[in-house]
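Q: Protein chains in written order, with the working numbering: chain B, 1009 to 1283; chain F, 438 to 1018.
Be aware that a few hints might be false.
[Said to hold, decoys possible] Selected chain B positions facing chain F (in silico; Cβ < 10 Å):
(1) L1088
(2) L1092
(3) I1113
(4) R1116
(5) G1120
(6) M1121
(7) V1143
(8) A1195
(9) S1196
No wet-lab data here; the hints were simulated from the structure. We put the CB at the ideal spot given by N, CA and C, even for glycine.
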Amino acid sequence: MNAIVKNTGQSEFESTVCHITASSDGPVIEIKDFNLWYGKAQALFNVTMNIEKGLVTALIGPSGCGKSTLLRSLNRMNDLIENLTIAGGMHLEGLPIYGPKVDVIGLRKRMGMVFQKPNPFPKSIYENVIYPLRVDGVRDRTVLAEACERALKGSALWDEVKDRLDDNALGLSGGQQQRLCIARAIASDPEVLLMDEPCSALDPIATSKIEELIDELKGHYTIVIVTHNMQQAARVSQNTAFMYLGRLIEYGDTEEIFTSPKLSRTQDYVTGRFG
Amino acid sequence: MKSGETMEAVAVKPTTGAITARRSYESSLSARGEPFLWGLGGALGFGVLLVVGFLVLVFWNGITTFWPKPIEVVTLLSGELVAGEPTRREAFKVGPERLASLPEAAKARIIADDHIARRVLLRTGNFDLYNDDYRWIEDYKIEKVETPSNLFFIERQEWGAFVGRIKSLSKDGAVISGDELTYAFLSSEQQEARQRFRAIKAIEKGEIGEVNFELNQERLKIRKAVLQHGEGAPETKRVEAEVEQAALAMKVRFEALALKSQEIKSQDSKILVTLADITGTEKVTPLSQIVRFYPANDLSLLDKVGIYLSRWSEFLTDDPREANTEGGVLPAIFGTFVMTLLMVVVVAPFGVVTALYLREYAKQGRLVSIVRISVNNLAGVPSIVYGVFGLGFFAYILGGSIDALFYPERLPNPTFGTGGLLWSALTLALLTVPVVIVATEEALAAVPKSMREGSLACGASKWQTIKNIVLPRAMPGIMTGLILAMARGAGEVAPLMLVGVVKLAPELPVDGFWPFVHLERSFMHLGFHIFDVGFQSRNSEAGKPMVFVTTLLLIALIALMNASAVIIRNRLKRKFMVGHF
Ligand SMILES: Nc1ncnc2c1ncn2[C@@H]1O[C@H](COP(=O)(O)OP(=O)(O)OP(=O)(O)O)[C@@H](O)[C@H]1O
Ligand SMILES: [Mg+2]
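This is chain F alone, in the form it adopts within the complex (with noise of 0.2 Å):
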């Protein structure tokens, strides 16, 4: 063959293969899937406004609740005076009947507004007084605002807060009042009133709460030895013998006690100081029940971060006072962090061993696939359920069991056998665990065969390589789940509420008591406190800046729960996972 003929073959072949209609080569819009993008980025971007408000409306309620307010003074038409913080100002729509009975002035002002008049929320404080803490103010009702000098706002320890003047101090019977009366000196008695109603509740709660706790511990040696030897039996009458003894002992200590708290007490009661709100009605209290006094119109910057800081110090190292809505939340805290810890420490060994069995030891079939949807679906279980049955089995039954075995001597007082931190821990950790569980089997089942080969050809056993090759390499993944888990459980409030969560904890769960920590006792938690706090309390508005700090307070602990967490991964993870080529 010549080259010319193949030339020329080549030459013809197009056109004796059969020529189809030309492709388009645009892409048609579906075909490159922008619409979908566009949807993808919407619904992102309606998810994260979400959030992102939510974060936004928590945070600034939340870091805005402690800021010193200033004390406006109301003059209404009426001639009454209200003093208060204002609160909030809406605007609302004013009904017939009501704009009937307003002045001709007023009425044409709020038609020619479309019906529409404002009004502010005060926080007028003096409950006692006024049976009621805030009060709304209707703008054709004002005659003047003013907001003068001089007017305190007073936190009390009872009654919630005072607004109004301080009138004068009595200390020992002398009487101090008027330009003598300066708030240097007051801050200064104020101090020491306080240190003395801490010292009271210090022996109070304190010391003679010691003597009581021991006191009952031998009461309890009576009841054991009954149990024991049988009433009157000689070893029962030895028993009670000695805690005769013992108990009187005490009782000398209780009496010096109870003596001390006394002395402080006349003392405390003789200084008292005569507040009066706007109108001029008086109310005497003692000074140590004043927590913080400030005249709130009279502060400087600097002054008004000192008051803000040292109520955000109150709130998070003190006990709450007035039904949880004033005060601190320490206990709250506390009890949080500790149940959020004892769950974490329960379900990361059940869930990680639990997953280890499923995927690596147990034969991989239906019975297998049926316990793994089970785990699944648990996860979709109301929490609430979970609740019931920590109440009915851990409570009741476990816990029941343990107090017949181990306090016989305290029934019908329950130890165990109702809800409690244990029975919280241990309930949370169910409702976690098919996270962890799920979580970690994903993250056995990533580790690469090649590695297990590689150990198992070093003449390694199964188990040496799941210890020492597979366990470290997935445990940045269980972390994850245990994150996951943690974060759940510690937002998780509706099931605590029936297994040992209470509005206000005597005790913390630890203590200087042995064992030092109490698993049997309830303890408070900031899920339940928010609940309580913002439906639960006399009046909503006096719960609610404390909602907004509590949930606050609760997101930055499960934040720094979290990132500690996710600190620790990322370090196994560089551990492990690093590798290139």
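If we strip away everything but chain B, and leave its shape as in the complex, we get (with noise of 0.2 Å):
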């Protein structure tokens, strides 16, 4: 737990406040510096964190703040969007993310994603799941059918689908779809899980299956974690980074987040006073 003030600026938020707990593997991601603009616009400005191997890290903050921005810059999805500036460097574990020779579809392979909508295929289950294994050329069916039950194990879904499996991904509940698009993004068996909002369009039955999984998944995967509820950033994360107009205000440890904030502006956002 230590404060790194850097970049010292006018205005408060020109620096980090920082206090995590660390893995013990050491940090996976490391961003440092990392700037961000969308045309002119700058989204996000000299954002410095380190991911911890094995926790779930919670992004909050306010609508608008970069939170989507940061985590679409992990896996290069940002690379889709027209003018598109970034400076600065983020690694996965060494490997420089924006480095020039990089291998992008590589790298993607290696964090799965889960978006705020669910958003499967119009496929089968079946061809739903193990989607990220087609990409890759895989033709052994038995490997297949045991990536897919594995994946849809480890995302509960498991046994209100085993026997409809050849059925449209389309036709399953909202919840379901979700829980589907995270057995996709966990089947190719990635080293870290983004996930954007995943519960915002779910009820509390599959929101809570949904922590559920992200407790029973953290250990093997890597989480990073946008979201707008609290009480789930404090039930599911074990480090908290508090964003604010394109800049990380603060990045702790949760409970200490929630309890004891660094800082005003952190204390006032996690009690609700504003955002």
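Make one complex out of these two single chains by using the hints.
A: So this is what it looks like as structure tokens:
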């Protein structure tokens, strides 16, 4: 627990207060002075943070503060956007994510992603889950079937769909679809799981199922989760990063962030006084 | 602050605020938009009425054309007899000159009727006797109208219909007439005669045609050898000798066939039928020339249904006769179908690939916008311009080069260097490709971004994403584009007249000779058939029924092709677009 003060600028937001729980395995992703512009508008300012291996990191902050932008920068989903400029670096276990020769597809294979709205493909449940393996060119039926079962069990959906794997995935309920997307994200056994408000479209029961799931998955995967639900962040994460206006304001141990944050701005936000 | 004070403050407040005029809560008529709604409804109703009216007209005329009608025998005041099928009745205005020439009684009646008289159009047939198929009969000329029995309506291979009686049949010299000449006997004789007729046709067109085809191939071998090795070269000589041999063998075959057909023909010419029109003028013709005959005024309902169906089956399965105004349209159905199919096969990949590149790969900028606008504008170019382009570029330049490269021995006769099935399909593909491109682009744009992102996040490449997710999902939209393109292409005639459609194609584009599908051949097309029969035939009245029937058929064919495409599309839609929550 140490406060790093850097880039001393005029405003209090120019620096990040950092007091995280470190993982025994060290960080899996290191972000250093990361800046991002959509056209001329800057969306991220000097973000510096380490994402610890095997832990759950929650990203919180008011709407429009750049949580999704940061998350999508991790697996370079932002590459699709035109007129995007970035500065600064990110490393995934030493590999520069924005390095000149990096294989973006290989990089994305190391990071599964779950989106805010469930986005299953218009294919069968089975084909949805094994899609990452299909694009890898895996043909072996037994391997595929095993991967499918493992992923669906991992996302707590197996019991509900094991008899209807050939049905169209679009026929599932919203919560089931979201768990299907989680299964798809973990089917190829990635190192990091990125989740952007995975429960925002779900009812409390589906939400609690997914939270349980995150609990089970941590340790095996490193999880980064964006959420607007403070209780959820408090329940599932070990570290929490509070962002505001494109800056990382405070990044620390979840319990401390929610009980005794270092900055009043954070305090205001987690207690619901603004945001 | 005590609660009483608060209460007072609240109670006082409204009086201090500025009170404006009470707003009216009644919305005006124009605000509710009802007049616009009526306008829209009226416009829609008018449009629907036009379409339905058109369809009903085509449908009714189309399905009633083949129904056998009675034959009326009209005795004119002058004593002349006219027999024929009443086709149409109408009122007309009698001019003063004609009125003056009429007898007093008729004159008085017409004047009392506002100078309006009525007339009927009789299909008299017997073109070979009267030099006309139809005749208008004015009602003031008529003495009486009868429908006597034993009058026959006879459809012939040539000269159109004959209306009259069947006098006698001479078979191998023996003459049968009077009571012996029953309808049943005539029918069975006519069946046999038709069989002979078909046999002759099979030999002449089929087997002799085959021999001629092979003979031609052999001759081309010589031309080829001459072009390759030069005149008088030893190789050429050898080829010539070989061809000589083969030709000799074929000649033997040809003669045997010719003999066989001659035999049937001479047998056929011994069975003659003597027809007589209503005035007694006789006409002798081989029985095999009679396609169908029936006693028009003695038919039961069942007989009529039988004739109706047999006419339809002839129409759908036979070759045309009498300058297309009679007989069937099978070659035209076939030509339309094959050409449309070929067009779809060409336009689908071409349009889809173009749209895919424009939408997914090209850098969206000015150039792409210009391309897109140009493509959209292509849809507005008159179709005849495409025909000119197709003739100039496809047939003359492309086809000419193909001929020079691959078929030099056939020159100066063009093979691909003239209009044909392939060039027609390509021309129409060009004509319809904007529709496919626009529809495909829309469909691609409508694929949710989240689906692409989901695929990319799984580590799929851009191409894998397009192939596995985007294209299947866009398929229903692409199919819609193809359906529109197909409907447009199948109904298009003008450009085809320049690039390969003909009035009468001697051969179908698909047959038993290698390579079975002959893309270079000219073909018949239902749309052109309508134009030809309706406006190019010797007697537009004779063509009219065929115009309606052929239009009905063309509409039905297009509807059928569209329906199958729609079924496929809906199946895809069910597969890719369901979803709830
Ligand atoms: N594709 C884009 N093009 C331009 N600007 C964008 C784009 N995506 C996001 N932005 C802008 O970047 C800023 C950060 O957006 P981001 O989506 O990261 O916010 P967020 O923290 O995820 O908000 P929310 O909680 O509402 O999802 C916003 O001001 C947004 O307007
Ligand atoms: Mg977001």
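Q: If a hint holds in the structure, say so; if it doesn't, say that too.
A: Cross-check of the supplied hints:
no.	hint	verdict
1	L1088	7 Å, holds
2	L1092	15 Å, violated
3	I1113	5 Å, holds
4	R1116	5 Å, holds
5	G1120	7 Å, holds
6	M1121	4 Å, holds
7	V1143	4 Å, holds
8	A1195	8 Å, holds
9	S1196	7 Å, holds
When held up to the earlier numbered hints, the structure conflicts with hint 2 and nothing else.
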